[in-house]
Amino acid sequence: MNIAWKEIKKNRAKFVILGSIIFLVSFLTFIISGLSNGLSQDNAALIKDLPDGQFYMNAEANETYNLSRIDESVQSSVLKEQKDAVAISIQMGFVNDMDDKQHSIAFVTSTDSILFESVGKGEVVLDRSLQDKGIKVGDSLTNNQFSGGFTVKGFVDQKKYSHAPVAYINIENYKEIYRVNEMQLIFVPGKEKSQVITGLQSFTNKEFLNTIPSYSAEQMSLNMIIWFLVAISGMLFAIFFYMMNVQKIGLYGILKALGVKTSRLFGMMWYQMIFITVIALALSVALSQVFTMIAPEGMPFSLTIETTFQLSIIFLIIGFIGATLSGLQIKKVEPLQAIQQGEV
Amino acid sequence: MSIFTIDEVKKTFTNGEVEEQVLNGINITLQEGEITALVGASGSGKSTILTIAAGLQRASDGKVLFQGKNMTDMNQDQIRKIRASEFGFVFQSSHLVPFLTVEEQLLLMLDVSETKMRKREQRDEVEKTLKLVDIDHRKDAYPSSLSGGEKQRVAIARAIIHKPKMLFADEPTASLDSKRSKDVMTLIRELTKTLHITTLMVTHDEEMLPYADHIITMKDGMVV
Ligand SMILES: Nc1ncnc2c1ncn2[C@@H]1O[C@H](COP(=O)(O)OP(=O)(O)OP(=O)(O)O)[C@@H](O)[C@H]1O
Ligand SMILES: [Mg+2]
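Chains as they are written, first to last, in the numbering used here: chain A, 1100 to 1443; chain B, 216 to 439.
What the hints contain is simulated information worked out from the structure, not anything from laboratory work.
It cannot be assumed that every hint is accurate.
Per label pair, the in silico range of CB-to-CB distance [what the hints assert, rightly or not]:
#	chain 1	residue 1	chain 2	residue 2	range
1	A	GLU1396	B	LYS334	31 to 37 Å
2	B	PRO313	A	VAL1377	23 to 29 Å
3	B	THR409	A	ILE1373	41 to 47 Å
4	A	VAL1377	B	MET437	56 to 62 Å
5	A	MET1342	B	ASP292	27 to 33 Å
6	B	GLU223	A	ILE1373	45 to 51 Å
7	B	LYS331	A	ILE1116	37 to 43 Å
8	B	ALA356	A	ILE1393	28 to 34 Å
9	B	PRO313	A	HIS1262	53 to 59 Å
10	B	ALA356	A	GLU1396	37 to 43 Å
11	B	PRO313	A	PRO1395	56 to 62 Å
12	B	LYS346	A	SER1362	55 to 61 Å
Here the structure is a predicted model, which is why all the values come from computation and not from measurement.
Ideal placement from N, C-alpha and C gives every residue a C-beta, glycine not left out.
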């Protein structure tokens, strides 16, 4: 006989309350994690969406790509050796649209590569978010450091850097605006180990992301929030299961007196814990996916089903540990206690 | 034939520094199929010896022999198994499981005692036992909707459904009025005789004594 299920059926309200708490806490964690991912995407989609590979910057640049200048001869020899390698530069800047409105953007330029948009002189390819700001294909944009204008050739999806939309421009135009001849970075896609290039320091994609100060600081605080939420929810689960078990000490005593095995009592508790947690998490996963769909445009939010499943598994494990720790008192219950309590 | 022997059982409770000897060497022998009543002043140790006999707490010294086997030598799980399949209990309050219906209380007991039966047979057995205690019309009720007497009859039904060899009862009629008490005692007596159960029962109530085959009086932790 499944006594665990019988109890859930009879004391529906109690279990619904417990389930709602698990639901709310996990939903909150999912949403925060979606926002965190969204922000991180907003901050560095340009880099994050690149395939795995190695970034190289000048060894004297103090791990700051902005200070990196790669010698042209080094660049050309690397690019000649590695067919897929690409030299890139990124600088924050502004463009003015036809109404003379200023837009903050990240200028990106690169040598020929399938990984980056190639644009002709006087042309620009923009992140789609600028389309919502009223910029159209064919518009002409200006920049106060640049003599000519940029003709908008098209838009690309999800190319953001440092919370600004990316503007791909031609190398020559870039050199004019920033008055430099050297590029900042070389990116070599591929899973092979980094090779040593004299004068250059290599970074994996992840290492490179962490050299961007705004990125690492932001991610750290967001991750902190998520892990705190997970830890606090773990404690909440444990406390709730503990209170439920304390309420049931008398019942456990009676069942033990009748001869029910302790292992069966644990099984009963686990069954109830898993039953409630799984339902609450399923609801929470479903609702967070709905939220992904209806999240307002422009709100940095990105929550994949994989992430929610990963977090759900963590919640299940935490719930299990919490329930089991709080259930250790079941072992200590003396059947006699329960019987004598009834006689008080 | 003796089925249950309590041999020189002593029990000492330690409350901080103070040691209190509650039982000073109890000897009781129970005959198969008979009802033995334990009487005596409050605090004389009746409940203590009953719960030791029932395997709900351990003696400090002495032996408890059930069918010739010494329970004081057994481990927790062996005693649990005996409680589950060979013993039945009725206490002053009925201690029913609040979220199970009357029928389910008995099904659980069949389950716990690992009585080998098919689903159908289980239901028939429950039906039969509930009829014995005259509560079959409430089989779908939860304990909270039963009267005190009804609960006690369910508790008795639960105590005997698995056909135990021993029935231990601690003031089973204390929460009932005089008429109900007599009904319950008549029931216990009938069941003991028809199912051949051996019963050890604590009672305060002189009116219950005619239902017993033997009466044992206790005083200050001793049999007198
Ligand atoms: N767990 C315990 N710890 C300490 N002392 C106990 C404990 N249980 C019982 N006692 C003591 O043992 C003595 C006998 O208790 P017991 O419950 O056996 O008496 P009783 O004969 O059943 O009394 P009553 O008729 O009032 O139920 C009492 O003095 C009681 O205070
Ligand atoms: Mg007593």
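Status of each hint after checking the structure:
Distance hint for GLU1396/A and LYS334/B: a CB-CB separation of about 59 Å, inconsistent with the stated range 31 to 37 Å. For the pair PRO313/B and VAL1377/A, the beta carbons lie near 25 Å from each other, so the given range of 23 to 29 Å is met. A C-beta distance of roughly 45 Å is found between THR409/B and ILE1373/A, which places it inside the suggested range of 41 to 47 Å. The hinted range of 56 to 62 Å is satisfied by VAL1377/A and MET437/B, whose Cβ atoms lie roughly 58 Å apart.
Range check, MET1342/A to ASP292/B: about 29 Å between beta-carbon atoms, so the 27 to 33 Å window is met. Between GLU223/B and ILE1373/A the Cβ separation comes to about 50 Å, which falls inside the hinted range of 45 to 51 Å. Roughly 40 Å separates the CB atoms of LYS331/B and ILE1116/A, a value that falls within the hinted 37 to 43 Å. Against the hinted window of 28 to 34 Å, the Cβ-Cβ separation of ALA356/B and ILE1393/A comes to about 48 Å, which falls outside the hint.
With their beta carbons about 58 Å apart, PRO313/B and HIS1262/A fall inside the hinted range of 53 to 59 Å. The beta-carbon spacing between ALA356/B and GLU1396/A, approximately 58 Å, falls outside the hinted interval of 37 to 43 Å. Checking the proposed 56 to 62 Å range against PRO313/B and PRO1395/A shows it is violated: the Cβ atoms sit about 49 Å from each other. A C-beta distance of roughly 34 Å is found between LYS346/B and SER1362/A, which places it outside the suggested range of 55 to 61 Å.
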